[in-house]
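Number of protein chains: 6
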Amino acid sequence: MKHLTISIFTLFIAISGYGQTENQIKMDSIKTERFERGWKKLKEIDGEAGEKVIESLKDVSPDLAKYTIEYPFGDVYSRETTLDNRTKEIAVVSALAAMGNARPQLKVHINAALNVGVSEEELSEIMILMSVYAGFPSALNGTLALKEVIEERKMEK
Amino acid sequence: MKHLTISIFTLFIAISGYGQTENQIKMDSIKTERFERGWKKLKEIDGEAGEKVIESLKDVSPDLAKYTIEYPFGDVYSRETTLDNRTKEIAVVSALAAMGNARPQLKVHINAALNVGVSEEELSEIMILMSVYAGFPSALNGTLALKEVIEERKMEK
Amino acid sequence: MKHLTISIFTLFIAISGYGQTENQIKMDSIKTERFERGWKKLKEIDGEAGEKVIESLKDVSPDLAKYTIEYPFGDVYSRETTLDNRTKEIAVVSALAAMGNARPQLKVHINAALNVGVSEEELSEIMILMSVYAGFPSALNGTLALKEVIEERKMEK
Amino acid sequence: MKHLTISIFTLFIAISGYGQTENQIKMDSIKTERFERGWKKLKEIDGEAGEKVIESLKDVSPDLAKYTIEYPFGDVYSRETTLDNRTKEIAVVSALAAMGNARPQLKVHINAALNVGVSEEELSEIMILMSVYAGFPSALNGTLALKEVIEERKMEK
Amino acid sequence: MKHLTISIFTLFIAISGYGQTENQIKMDSIKTERFERGWKKLKEIDGEAGEKVIESLKDVSPDLAKYTIEYPFGDVYSRETTLDNRTKEIAVVSALAAMGNARPQLKVHINAALNVGVSEEELSEIMILMSVYAGFPSALNGTLALKEVIEERKMEK
Amino acid sequence: MKHLTISIFTLFIAISGYGQTENQIKMDSIKTERFERGWKKLKEIDGEAGEKVIESLKDVSPDLAKYTIEYPFGDVYSRETTLDNRTKEIAVVSALAAMGNARPQLKVHINAALNVGVSEEELSEIMILMSVYAGFPSALNGTLALKEVIEERKMEK
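Chains as they are written, first to last, in my numbering: chain L, 1 to 157; chain S, 1 to 157; chain P, 1 to 157; chain E, 1 to 157; chain U, 1 to 157; chain D, 1 to 157.
Read the hints as simulated data drawn from the structure, not as lab findings. Please note: incorrect hints may appear among the correct ones.
Copies of the same chain are indistinguishable here, so a pair counts whether it falls within one copy or spans any two.
In silico lysine-lysine, DSBU-like type, Cα no more than 35 angstroms apart, as pairs [claimed, not checked]:
| id | residue 1 | residue 2 |
| --- | --- | --- |
| 1 | 147 | 58 |
| 2 | 52 | 107 |
| 3 | 43 | 157 |
| 4 | 147 | 107 |
| 5 | 40 | 157 |
| 6 | 157 | 41 |
| 7 | 52 | 157 |
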């Protein structure tokens with residue numbers, strides 16, 4: 001894991017390393033604070049599933065990898081807010097289940113929800129709610145995604 | 001068909017207390033349990049905004065009015081579940097903000113969320129989360145819907 | 001109305017009229033067959049509401065107006081097929097109600113459905129079906145669009 | 001099949017069986033009427049494909065299984081309405097093809113449509129209509145889903 | 001390839017060949033001009049990927065195949081317009097990535113974009129833009145689709 | 001304008017101003033670099049329309065205002081990339097027209113596109129492309145949004 005972190009950092013520095021003035025470097029080193037905070041948060045919440053997403057972007061779009069760490073995790077998830085991690089993941093799982101067009105991310109966030117203490121039962125309740133607001137197909141597909149995640153977690157143990 | 005329409009009208013009127021035939025009462029009285037439970041729940045959660053939705057459906061589709069009371073409220077919202085009303089509304093507001101194609105319902109549920117104790121601050125946090133998962137337009141439109149609801153509630157007082 | 005038809009034709013010819021070889025002209029004169037067939041079909045099905053849509057496009061995008069007449073109406077609606085106009089409109093209203101992001105077109109096609117013999121009752125049944133497959137918000141918004149169209153038609157009489 | 005029915009019933013009773021007052025039991029026994037009617041309707045329309053969906057939910061969300069039987073099938077599909085089963089499935093297939101984010105359900109309902117007498121030709125006509133209202137990608141993906149269902153049905157024979 | 005072209009033409013003629021009056025034949029022979037122009041354009045832009053789509057529709061919906069060639073390619077892509085092919089594909093890839101429910105078509109058009117001179121870097125920039133307007137899931141899924149296309153093109157060489 | 005800038009800055013500082021250590025202040029002052037860069041970019045591209053969006057968020061969600069300036073404009077639009085502003089706006093307008101659920105943002109970006117040199121004709125070409133990929137309703141609604149923007153710009157002069 002440590003290896004990955006370093007390689008992404010190196011990568012990121014490599015990208016932004018051409019012809020920088022000192023001023024830019026200072027700015028980037030601070031950008032790195034958001035990045036580090038985000039990277040830590042991503043690992044805390046999404047765990048390995050999140051790291052794999054970042055890893056998969058490394059060659060094709062290192063900058064999207066960087067932004068994914070910085071904005072969603074370094075900024076948004078790191079906010080000190082009235083919403084705890086459980087509530088955040090309940091909101092995100094609801095959104096992704098309702099949209100119904102982002103299955104890989106739905107599974108990542110079902111996983112994240114379970115990681116931060118949302119129970120399987122609570123997640124299946126959310127899918128029942130979705131039957132009302134996004135229709136039964138979204139509810140069924142969300143519930144089957146939940147089922148897959150539960151099974152994958154069992155196998156990993 | 002005519003018969004059914006009439007019986008449903010009767011049912012619906014029964015809420016405000018007008019006479020049913022005995023035959024209808026037997027069938028309806030059981031349906032009416034889900035219906036009554038749903039109607040009570042709808043008023044508890046959505047308040048006047050919810051009643052207006054039902055009222056607006058009365059002429060054009062009394063059966064959709066009935067189902068809206070029975071399934072979402074009589075069944076789903078009435079479930080004794082690990083999710084409290086606050087969490088349910090957080091899930092629903094997230095879903096509707098993310099889909100971005102159901103503004104009237106989003107406003108009804110922002111209202112409902114405020115009714116059951118979700119704070120304005122928590123709702124604006126949810127919209128910030130949506131900027132990540134459904135994009136900034138959904139987040140902006142959700143936040144402006146929140147702003148409208150807050151202003152409407154101020155004026156009503 | 002005749003006036004409009006002519007002005008659109010003129011417009012269309014004006015657009016494609018610069019420096020054509022004889023070969024192109026022959027092609028365009030036949031394109032006009034699809035156009036004429038489509039224009040007749042559009043008036044038959046959508047009536048005035050459809051004509052207004054075309055009229056509104058005249059300045060900003062005469063070519064989209066042309067394509068709207070040619071492909072949806074000249075080609076697709078003019079197909080001699082096993083589906084009659086009623087069934088076609090039932091399919092289209094269902095699609096637009098389910099997507100929930102094209103209210104003006106939903107209203108045009110609710111109108112069209114009523115024009116070709118689908119009853120108000122059948123349309124409200126379709127919206128009830130949509131509560132299952134696209135969720136209650138889509139069903140409610142579709143039903144309220146139906147209500148508006150019914151009222152507008154009453155006022156026009 | 002009988003076996004499955006029983007197991008779901010047992011399941012359902014097991015869930016709602018703790019600490020009921022007599023009053024609740026009476027209510028549930030009537031809920032069971034909707035359930036039975038819905039289960040019969042589901043088998044009539046969706047056939048084996050529908051049963052598999054319910055079976056797949058059994059462990060992860062028996063309540064969503066129950067609601068899927070009760071509301072869509074026990075209530076909506078069981079309505080005595082001016083829409084026959086053919087028309088209903090045409091509406092549902094149109095909605096699911098247009099939304100484009102619920103492929104498993106689209107295939108189940110293409111199957112259902114063929115079961116209740118909609119022809120392959122009619123279904124491909126619907127997809128052509130969708131090219132106009134939801135774009136060519138939805139039309140193409142819907143047509144290829146139709147193709148898959150046709151091939152699967154051939155193999156099953 | 002020539003063989004396929006001929007077989008589709010034959011197919012198309014076979015379908016529309018029953019009991020035509022002379023007038024219809026004249027019309028169809030010109031329709032064929034749009035068809036030929038479209039078929040040439042489709043091969044120019046989408047290459048083999050596009051031909052495979054058409055081939056896959058041949059049995060199940062030859063008319064959708066015909067329309068796919070005629071309207072999108074014979075009409076729209078063949079327009080002599082201020083937009084060059086590069087810009088067109090940038091617009092189409094953006095649209096498909098944002099909708100997030102048409103992955104096969106997204107891959108076809110990423111391929112098409114690369115065919116007409118859009119660079120891999122430009123495509124990954126577009127996906128970064130999509131993170132803002134359609135959310136990070138659409139951006140990630142679009143970027144991973146880009147990655148797959150790049151890898152498939154490497155293997156084909 | 002200057003006044004607004006200052007008030008937003010003050011606002012932003014006010015929010016993050018409680019109990020900061022010196023370290024945090026250093027970080028924030030650099031965050032402010034993204035903010036300043038973003039704010040400048042927002043004014044350059046979206047002009048007054050963009051400023052109004054930010055202004056409208058001020059009371060209800062100053063943090064979403066901040067993020068809207070920082071991520072979309074400070075990060076994404078400020079990238080030194082192979083895509084020029086024209087191409088970026090073409091991509092964004094395509095995405096928003098295709099999604100069809102973010103009309104205010106579509107209008108802001110049609111405006112932005114015109115500001116950075118995309119012509120009215122090019123924008124109407126993009127909408128014609130959308131008729132293929134997102135359906136005629138999206139194309140029509142996008143074209144009518146374009147028409148509104150053109151008229152609003154005429155009136156402002």
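Right, here's what the structure says about each hint:
no. : hint        : in the structure
1   : 147 <-> 58  : both (29 angstroms within a copy, 10 angstroms between copies)
2   : 52 <-> 107  : both (13 angstroms within a copy, 22 angstroms between copies)
3   : 43 <-> 157  : within (18 angstroms within a copy, 38 angstroms between copies)
4   : 147 <-> 107 : both (10 angstroms within a copy, 21 angstroms between copies)
5   : 40 <-> 157  : within (23 angstroms within a copy, 40 angstroms between copies)
6   : 157 <-> 41  : within (23 angstroms within a copy, 41 angstroms between copies)
7   : 52 <-> 157  : both (18 angstroms within a copy, 28 angstroms between copies)
Consistency note: the structure conflicts with none of the earlier hints.
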